[in-house]
Amino acid sequence: MVLPPLTFALGQNEKRLLQILITFYPHEIPDAADKHTGIMVVPMDKLRAGMEVAADVNNLNGVLMVARGTVLTERHLRILKMWGIESIEIAGGEDGPPPDRTESEYPTELLRVAESRVDQRLKHVVVNNKTLAKIRHLAILRTARLLAEQSHPSSTLPVNL
Amino acid sequence: MKQDVGSFLSHAGKLPSMPAVFEELNRAIENPNTSIQEVGEIVSIDPSLASRLLQIANSAFYSFSSQVESIPEALQLIGLQQVRDLAMATCVISVFEKLPARLVDVSSFWKHSIACGVASALLAEERHDPAPERFFVGGLLHDIGRLIMYLKSPDESWDILCRCESEGQLASVIETDVLGFDHAALGAELISRWGLPTALREMVRCHHDPSKSQLAVLDRSVVHYADFIVSALDLGNSGELYVAPVILEEGRRSLLEDERLEPLVQDLDHRCNQLFAILTDCPHA
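So the sequence lines, in the order shown, correspond to chains A and B.
Sequential numbering from 176 applies to the first sequence in my numbering.
Sequential numbering from 79 applies to the second sequence in my numbering.
If you're looking for bench data, these hints aren't it; they were derived computationally from the structure.
Here the structure is a predicted model, which is why all the values come from computation and not from measurement.
Treat each hint with caution, since some may be false.
The calculated label-pair distances, taken between Cβ atoms and stated as ranges, are [to be verified]: (1) B:Thr276 - A:Leu321: 38 to 44 Å; (2) B:Ser88 - A:Ser279: 54 to 60 Å; (3) A:Arg253 - B:Leu158: 22 to 28 Å; (4) A:Asn234 - B:Ser332: 30 to 36 Å; (5) A:His312 - B:Ser185: 23 to 29 Å; (6) B:Glu119 - A:Ser279: 22 to 28 Å; (7) B:Pro125 - A:Leu285: 46 to 52 Å.
Beta carbons: idealized from backbone N, C-alpha and C, even for Gly.
Chain A on its own, in the form it takes in the complex (with noise of 0.2 Å):
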């Protein structure tokens, strides 16, 4: 099916049932995306920290909850949750969320250098339950982007510390 295109101002009805198609029809999302202004519509499950909210978010009551510019942490996340909140319109367009990574993703002569940093870093902890294991994982996931970025900058990667 055909969505409006989001370059004409929506009143609160129309933005809510926009919302709701979204969900029974994901697959539409790309279209969706006004390439011109840079918005996408992101449904709740694909939202993360990180991403800047392009427009206010009300509640059903109309009161702003995120407004136009923020960028999303945790705690807004939570929050857009409990209000039943089914997508909200993120800046970025083509750029897109960052990529979730996961070790398929990195040659395996990289995870080795990365997981060999790593464990040397460790060597006087005692990876010995399911949290130390996970924490050891995203160091090994963290310092295989690094070497990553290192041999090929790329400006669609998060920057962090």
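On the provided structure of chain A, position chain B as indicated by the hints.
The following block gives chain B in isolation, referenced to the frame of chain A:
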């Protein structure tokens, strides 16, 4: 030369002191009769402090839905005690502006410290703590002992760093061997001498060994765990080659569920960048 931490500081010569504005602010906030207006006026005396507080209020650290435009507004939104904690943080950083570069990468040191501060605040928020700022300060200042060590004992500090590398050992172990105390104890003593709260002193003193802390069980491991996470992820570095062992309290509700780790780390990244720029006056490189 081994000695106890008190003698070390007494013989260390002139110690850096906290800016006067902080002491005045602290006194005013401790006094229940002071109005928010009056506190606002004290903060405004120091324009760089006022400006940093406003920037923090408007940063990702808080994510308020509208712009905070004035100090009284920041005080209303954030709370007096919390503003005092933030002022403490920004004052301490201003104290250590000149550090010997060969011993420590200053920028990396503060990145690590700020990351630990934010991680501590996030862990507190997970528990719905109403005033996570005090943990922010605890995390931020946890390694302050290292800075004093570098400043006042540069030669021994160099020896310690070299031995850590050649022996593959943790800093605390070598520090105790060379000086008679470690950076945690030294930092705690400095905090005491500055007249800062006992809770803060405990967070710093016990950040490697929460079991000896006087703080409540749920509070005492926050900075310890935050330091571990931040070190494991190598977010900045305060001069340590290895990640110190972590003690996860067993048999009690844990500080953080495993599935919350990843979201916490993402939130951490996001909040740190801005805060680093605000607190150290450096554009993020």
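Would you pick out the hints that fail for this structure and give their numbers low to high? 6
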